[in-house]
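Trainee: As a plain string of letters, each chain reads:
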Amino acid sequence: MLTFILKRLGQAIPVLLAIYTITFFMIRLAPGGPFSDERKVAPHIIERQMEYYGYNEPLPVQFVNTLVQHVKLDLPPLTSHIGLTAADIISESFPVSLELGLWAMFIALMLGIPAGVVAASRQNSWLDYTPMSLAMTGICLPTFVVGPVLALVFGIYLRWTSVAGWAGPIDRMLPSLTLGLYYAAYIARLTRGGMLEILSSDFVRTARAKGASEFRAVVVHALRGGILPVISFLGPALAGLVTGSFVVETIFQVPGLGRHFVLAAVNRDHSLILSTVLFYASLIMLANLAVDVLQVLLNPKLRYK
Amino acid sequence: MRNLTAHYFPFATLAVLLLTACSNHEEGTAIRDEAAANSIFLFGNSSEPPSLDPHINTANNGNRIITTLIEGLVTYHPSNDNIAEPGVAESWTHVDNTIWTFNLRKNARWSNGDPVTAHDFLYGYERMLHPDLGAKYAQLLYLLKNARQFNEGTLSDFSQVGAKALDDHTLEITLEGPTPYFLGLIKHHSWHPVHPPTVEAAGGMTKPDSTWTRDNYVGNGPYRLKEWVISKIIKVEKSPTYWDAEKVSIQEVHFLPIDDINTEDQMYNAGSLHYQNTIPTHMYPIYQKEGDPHLRVEPWIGSYFYRINTTEPHMADKRVRQALSLAINRRAITKRILKGAHFASRSITPNGIEGYEPPQTADFNPKKARQLLAEAGYPNGEGFPTSVLLFNSSEQHKQIAEAVQQMWLNILGIQVELRNQEWKTYLETVINLDYDVARAAWIGDYVYPDTFLTMFRTGDGNNNTGWSNPTYDRLVTDSMQESDPQKRLSMLAEAEALLMDELPIIPIYHYARNYRIDPAVKGWYPKLTDNRNYKHLRLEKTP
Amino acid sequence: MRLSPNISVDPEAPRSLWADAFQRLLDNRLALFGLGFFVFISALCYLGPFVYRLNPDSQVLALDSQLPFANVQLVEVRYDAEKATPDETTTLDDFVEVYAKNPEADLAALAQSGTLVLGDIHFRTLSRFHLLGTDSKGRDILARIMRGGRISLGVAFLATLTALVIGVNYGLISGYFGGRVDALMMRVVDILYALPFLIFVILLMILFDGFRFKILLVFIAIGAVEWLTMARIVRGQVLHLKEQDFVAAARATGVKTFSILTKHLAPNLLGPVIVYSTLLIPAVMLLESTLSFLGLGMQANMASWGTLIKEGQESMRSAPWQLIAPSLFFSATLFAMNFLGDGLRDALDVKSDKD
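Chains as they are written, first to last, in full-length UniProt numbering: chain A, 1 to 305; chain B, 1 to 543; chain C, 1 to 355.
Hints were generated in silico from the structure; no laboratory data involved. In this text, all values refer to a predicted model and were calculated from it rather than measured experimentally. A hint or two may mislead.
What the hints assert, rightly or not - The calculated EDC-like cross-link candidates involving lysine to aspartate or glutamate, where the alpha carbons are at most 16 angstroms apart (straight line), are:
# : chain 1 : residue 1 : chain 2 : residue 2
1 : B       : Lys-339   : B       : Glu-298
2 : B       : Lys-367   : C       : Glu-82
3 : A       : Lys-40    : B       : Asp-460
4 : A       : Lys-7     : C       : Asp-190
5 : B       : Lys-367   : C       : Asp-120
6 : C       : Lys-83    : B       : Glu-382
7 : B       : Lys-367   : C       : Asp-80
Excised from the complex, chain A in its bound form (with noise of 0.2 angstroms):
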């Protein structure tokens, strides 16, 4: 296992050199630079920046300097947040982001699972019907709908929760929930087809042959397989719950990674704009490399291949 595990850290090598070039030479040749501003400013002044900054090297240099400079970790000094660095951001932002991931997760599982369990034990019955119905909101309104509706009806009406921020424990839940109905579609989904299929086995039907009463069966003999294709969705749901989060991080002012992604593109920040996607994209194999070690260890049937 151990070997299987190393060797997936080092395919992960060429695949983030890849991301690296891509991304610096995308953000290289974007109109509009980090240095530009409302108001004119001097050309010697951009140029003076520009040179601070190491932005008027030849590019192939930019690239091998950036390039090392992520290597050693010791990562260039940002145009948006003056005086930090990416590291700095990071650190204290990515823990935000993932808590309200976990939050958004363990809702969209409590939500998901009973939903697709409920559905798959009555197939094509209003059973079926409605909490498919019910967990598919989450993917048929856009969050940035269900964001506010909810902040306007627990927030300012029902006054149960605050409206944004992140404080106290109560912020938490606006934000993962809008978050978690989303991915509560898919796992809902997931569950079903993975119990429709459990159901149909033949040792769920032994147990039903049995006598086992119809709530046993389901719950305690099909659930355990049937969720399996959950586990297999949770790594890219976490990394996607992680990376995705900045449309709800913006509306409930989360001070998370993902609004600093987006303002770092707005603002031209190249260094964080690389340093974040480098990050995500470490994240995301990480997360799928879980997953797979995972579903080992759950079914011992599968090998590393």
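Take the given structure of chain A and dock chains B and C to it, following the hints.
Mentor: Relative to the frame of chain A, chains B and C by itself:
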């Protein structure tokens, strides 16, 4: 808000829920009341400033925070922009508005206890102007004698720049020419001092990304930096070393960077803020109708206008530009799209500048517009090339652009293609003159017409229209050497009249500041520049 | 981030796969409803404008936001009598406020004859009915929804088509040739799977925002993200099919590779491809709406459903119907497409029907 009745069945349930939800905001005052009781001012500050360094920052949200942390020679008066409130300088004299002498108070202290001296100001000017620091707003100091040469690197001896310390507490400043509004200018933080030992310890005077503002912020203002959590909050607290500390009433100000204006609006409604920076346009009429006592609408020294690229052959004829201007129904735009939250304008310079009556361009007149366009060779818009109307992506700019597009189509028969670009791309497109018509805005730096008029001189970095007129250039440039204030203003008025006839830019509206502030905040008065000194504010619980 | 559902089609299906599948689809009322609704929405968006003839761009600023079922009286203002398009279209209130010299008499005259001349200016009344009300600039919401639907559906279909063309060809080649080619090609897919794609889409949209043919970028960005799953599904299918007797027979009789691919393999891929495409369309529509929220969607004059929802969301507290109306259409379409896709998958998945 209109009355929703139940027979609009499909919409009824949700709509009613939404409506009750939004009309319910009066109750929510808990968080800000508690904060007010602790003398904490909760301030919605749009977004996180890139820096709190007075010589690096260019953003308005940073300006507000720096104003609390560092004090200049003179500072903002609570209600009148034309009055300079003494800051570090106790008194001052001037000769012909050109040579200024400031007497610094002896009890001014940095937050680490060091005295504030005239040398600290010189250090600040040298740092701001030093070519190696690369300060983007260095140009604001160019009216200091020889400052430009020093900044551009043709002069390396700072002692030749027009600022010197006669002793520790006397500062003499020599300007390039008479500047009657000089005191208004030096309220800006680009003229503020920094604490030399702190800046030196953090890598020296000219380090562009010096971290002294983040690690060890030494200021001389009424407040000092307490906490800075990136993208979450910046807290400042009352500084015990400030010379006028007993006048400072509010103990802490919390600046919250809130990017989304609807989120900010909701937070205000939920009672989490004392000050809301921006009111979403669609909510403005609702608050106004409700007679919300928190709502403020005050004239601001800013203009919203359309630039016209005069280097495009079809835009080179001034009759075309006049036709375009005459076909814009400004009343409809300000009343309907902006919901009356701003003021229709027919001049670039806003009203309210003492002694200056801005010359106006002609008002909405479709018939005249068509006539001028026909004279220019495009009867009914025939043969007029499809033009690009550029704006930076934003709901409001889009709405105005769509309205103008429709007016030009209906009235003049010309086709306009809308193009929205994201901010930095838009800036580059405008500078490269890669547009026909482009949305623009300008907020004045000080209360004097030339803050709006100098930029349309030939080749000015902010001209961006390709327009050039020798008479205009001469009027504006000569006015800057004129010491008779009356004559000076009339030269500028003559220049603006020319601008409003030639129309390389089409004025659309003058900005108002629309915001909400808790009536518990006392001492907050309307100001044309919207710059405040927080030391004059108080928080009182209203019953 | 990649949320393409697992799709497996049991290759050991009986020959009557299509007939069976169709029967199963008929059993799934929700999926049928989805199909019906989707047809209805498409018809509405494409044929609706022939019946409901209001121009989605025609503004009446003075009208402001109107509630659904609004019947409004308007005044056309012309500064030249013979001009075809009015110089301004406004409301009676606004007419009184701006133009009328003697409000009551002028209004009465206008009401009586429908036209009026004051000074040089000519006025004419007209009335309009707005089924779903108007937006803040007095534009008809239903007309905008119909056009927005054409744009949204168009984008979704084209982006899906892009993903389809790339994915199917890639998977077909990879699966059919197998061996090293397959290993290499799948390696590339694995690598691309590790890219933070949403991040790249955002980056692409922000950085190349000024690009004139931005709509192309949307297709490319979305299509490029989504073809990977398609390629994997097709490859898996092909790997299995090529071991089947009929392919072996075709090969043995010397049928050319190209025609094996097109004539024998491609038709058997139809099922999974349809299922996946059906599920991809709503996903693409949702992505496009998110881009609109960030202000990175279509150009200003191409208001998609995403754009309309974003506009509605901004004013949701002052004019909720401007959010509710486009959201209803959008969500209902997404629901329909998702149910249809799920239903098709259930129908084509033989395993779930062995009971």
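Trainee: Against each hint, give a clear statement of whether it holds in the structure.
Mentor: Hint check results:
| no. | hint | result |
| --- | --- | --- |
| 1 | Lys-339(B) <-> Glu-298(B) | holds, 15 angstroms |
| 2 | Lys-367(B) <-> Glu-82(C) | holds, 12 angstroms |
| 3 | Lys-40(A) <-> Asp-460(B) | holds, 9 angstroms |
| 4 | Lys-7(A) <-> Asp-190(C) | holds, 14 angstroms |
| 5 | Lys-367(B) <-> Asp-120(C) | holds, 10 angstroms |
| 6 | Lys-83(C) <-> Glu-382(B) | holds, 14 angstroms |
| 7 | Lys-367(B) <-> Asp-80(C) | holds, 7 angstroms |
Hint violations for this structure: none, all hints satisfied.
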